[in-house]
Amino acid sequence: MLHRTKRGWMWNQFFLLEEYTGTDTQYVGKLHTDQDKGDGNLKYILTGDGAGSIFVIDENTGDIHAAKKLDREEKSLYILRAKAIDRKTGRQVEPESEFIIKIHDINDNEPKFTRDLYTASVPEMSGVGIIKTALPDMSRENREQYQVVIQAKDMGGQMGGLSGTTTVNITLTDVNNNPPRFPQSTYQFNSPESVPLGTHLGRIKANDPDVGENAEMEYRIAEGEGADMFDVLTDKDTQEGIITVKQNLDFENKMLYTLRVDASNTHPDPRFLHLGPFKDTAVVKISVEDIDEPPVFSKISYLIEVDEDVKEGSIIGQVTAYDPDAMNNLIKYSVDRHTDTDWVFSVHADNGSIFTLKPLDRESSPWHNITVIATELNNSKQSSHIPVFIRILDINDHAPEFAMYYETFVCENAKPGQLIQTVSVMDKDDPPRGHKFFFEPVPEFPLNPNFTIVDNKDNTAGIMTRKDGYSRHKMSTYLLPVLIFDNDYPIQSSTGTLTIRVCACDNQGNMQSCNAQALVLSAGLSTGALVAILLCVLILLVLVVLFAALKRQRKKEPLIISKDDVRDNIVTYNDEGGGEEDTQAFDIGTLRNPEAREESKLRRDVMPETIFQIRRTVPLWENIDVQDFIHRRLKENDSDPNAPPYDSLATYAYEGNDSIADSLSSLESLTADCNQDYDYLSDWGPRFKKLADMYGGDESDRD
606 MLHRTKRGWM WNQFFLLEEY TGTDTQYVGK LHTDQDKGDG NLKYILTGDG
656 AGSIFVIDEN TGDIHAAKKL DREEKSLYIL RAKAIDRKTG RQVEPESEFI
706 IKIHDINDNE PKFTRDLYTA SVPEMSGVGI IKTALPDMSR ENREQYQVVI
756 QAKDMGGQMG GLSGTTTVNI TLTDVNNNPP RFPQSTYQFN SPESVPLGTH
806 LGRIKANDPD VGENAEMEYR IAEGEGADMF DVLTDKDTQE GIITVKQNLD
856 FENKMLYTLR VDASNTHPDP RFLHLGPFKD TAVVKISVED IDEPPVFSKI
906 SYLIEVDEDV KEGSIIGQVT AYDPDAMNNL IKYSVDRHTD TDWVFSVHAD
956 NGSIFTLKPL DRESSPWHNI TVIATELNNS KQSSHIPVFI RILDINDHAP
1006 EFAMYYETFV CENAKPGQLI QTVSVMDKDD PPRGHKFFFE PVPEFPLNPN
1056 FTIVDNKDNT AGIMTRKDGY SRHKMSTYLL PVLIFDNDYP IQSSTGTLTI
1106 RVCACDNQGN MQSCNAQALV LSAGLSTGAL VAILLCVLIL LVLVVLFAAL
1156 KRQRKKEPLI ISKDDVRDNI VTYNDEGGGE EDTQAFDIGT LRNPEAREES
1206 KLRRDVMPET IFQIRRTVPL WENIDVQDFI HRRLKENDSD PNAPPYDSLA
1256 TYAYEGNDSI ADSLSSLESL TADCNQDYDY LSDWGPRFKK LADMYGGDES
1306 DRD
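Here the sequence shown is numbered in this note's numbering, starting from 606 and rising by one per residue.
To be clear, the hints were calculated from the coordinates, so they are not data collected in a lab.
Worth double-checking, as some hints may not be accurate.
[Said to hold, decoys possible] Okay, derived cross-link-like pairs now, BS3-like style, lysine-lysine, Cα gap no bigger than 27 Å in a straight line:
| no. | residue 1 | residue 2 |
| --- | --- | --- |
| 1 | Lys673 | Lys707 |
| 2 | Lys937 | Lys986 |
| 3 | Lys1033 | Lys916 |
| 4 | Lys648 | Lys688 |
| 5 | Lys904 | Lys937 |
| 6 | Lys890 | Lys810 |
| 7 | Lys693 | Lys648 |
| 8 | Lys890 | Lys859 |
| 9 | Lys1041 | Lys1062 |
| 10 | Lys635 | Lys688 |
| 11 | Lys1062 | Lys1020 |
| 12 | Lys648 | Lys635 |
| 13 | Lys680 | Lys635 |
| 14 | Lys884 | Lys841 |
| 15 | Lys635 | Lys673 |
| 16 | Lys1033 | Lys1062 |
| 17 | Lys810 | Lys884 |
| 18 | Lys841 | Lys890 |
| 19 | Lys904 | Lys986 |
| 20 | Lys851 | Lys890 |
| 21 | Lys1072 | Lys1020 |
| 22 | Lys904 | Lys859 |
Please put together the full structure from these sequences, using the hints given.
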């Protein structure tokens, strides 16, 4: 049995140096198989990483060359595959095999830092570190920035090694190792004495070479002179101290203040406290300047009380003011007339005494609020105002009087001891102990036979009847004087008179009537009945007057003597007229419409000097019955409040309703729709012949 001997590849180990700088291509190695007889029948093929571009193979001999310079730092090995085929048959004589080409490293890269520039910070005054200071107690205030160049070598620094460098910027950070220091020991400020509280007088500043919060400081005034008059504020933005006014300054009291102001760090570092106290002190001198100030009153307001009966020109009080300046100028006083337009008060210009110019009356003005002005004599622009409240005290100078007007009446059937009225009084005065009034009859009539005055002891009085029955026909009105006085000093009294009417009352004492006319009407006929009787009498009088006028007309000579003609005048006309419906000849509306009368004409029964309001009647329709018309007029007169209490004559020009008779005119006869036979006109004789010819013809003739 025959076995095929396996043949294998034959090649050297493949290694390649990086960064080859020769002129020819770098030889890598050779591929070879035992099937190769050297006759050129086999073909070598290379595939894989960089085959054909980086690595090329001679397909006849199997030699491999590197066509480019390689860099191990970019790629350290390449994986390739190789095969050998028969050129004639194309058959693969050896199976495809994989091999690796490794790149040998050479020292072609110097050491490199990850950054070109490094930044570091070290607190000043620091000890040893990875990067340490070369000098002890390095101060940021002297130098803050440093630059260091650092070099790195490979191969342990041996000959032939490569190296790289970088730069490190080192900054010394600040620590609070410097206390604040004032640039000068004394500061000087001036202030007018009249500056408002809180005014800024000036600024001071201590220097601190530290930065940030290490340079923050706080100012305060040390205990001692001026600590209660001034204050110092710290400006956090500028680290300055602001001197302000805490209390009002007075040049006359103190002209110069010397303050001690401290400036200290707010964030001291305990590591450097041994360097000394982290604060400094400066002296601040403040000079107070004198300002011409207005006068000052001894009080903020004055209250003066005075009796209302004080005499004119009496001194009621005094105001005082002084000049606060060192000059101590003289003061003059005056009253602001805008607060005393009636000139009731005045003030003495030299001593401020307030006195009256007019009588006072508490009841009209219980308070007077005036303003007094104090002005320097040498400078009229310097003045001050002060309110003066003057209270007018009450004096009993008004007599009591009835609180209202009383309408008092007494019934005719009144019995003795009946209360007919309770009266009360008022008094404009206001006594401190309250009002107390007394009621009595007047001394001239101590005993009144008709009425009695009873004091109720509660500032009211009752009026009582004293006899049995009163008659309004004998005495319709009584006058009762009442004496009223108070209990204050001096006692004031007055006399009030009550008017008492006598009236008719029912059994319950309710008033019905208080005059004689009403009594007559109540006992006789009603007002409507009286008006109707008067109207009838007036109608009879009118008839008598008409009858007399007719008799005088009969005695006159007629124009045409005829026993059949009874008319005063004869008017001849050929027009038949329209009867009662014809309104062209005259205005019949005046007779028909009662509203067409003159409404503004005054009644004859009213006196010329007395003017009553014209009453407008209720509008009436045209076709009203005469009886209804008269009844309506009677009702209007009965209900008219302006009607006089005596008889009067009322005349009504009213024609009456339209006539019920139809028109006698033939103009409105209907001839178009009906045929009427007028042949009978021919039988009436020759006098009606013309009418018979006009109406009695044939129908064709009429057409």
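What are the numbers of the hints that this structure violates, sorted from low to high?
none
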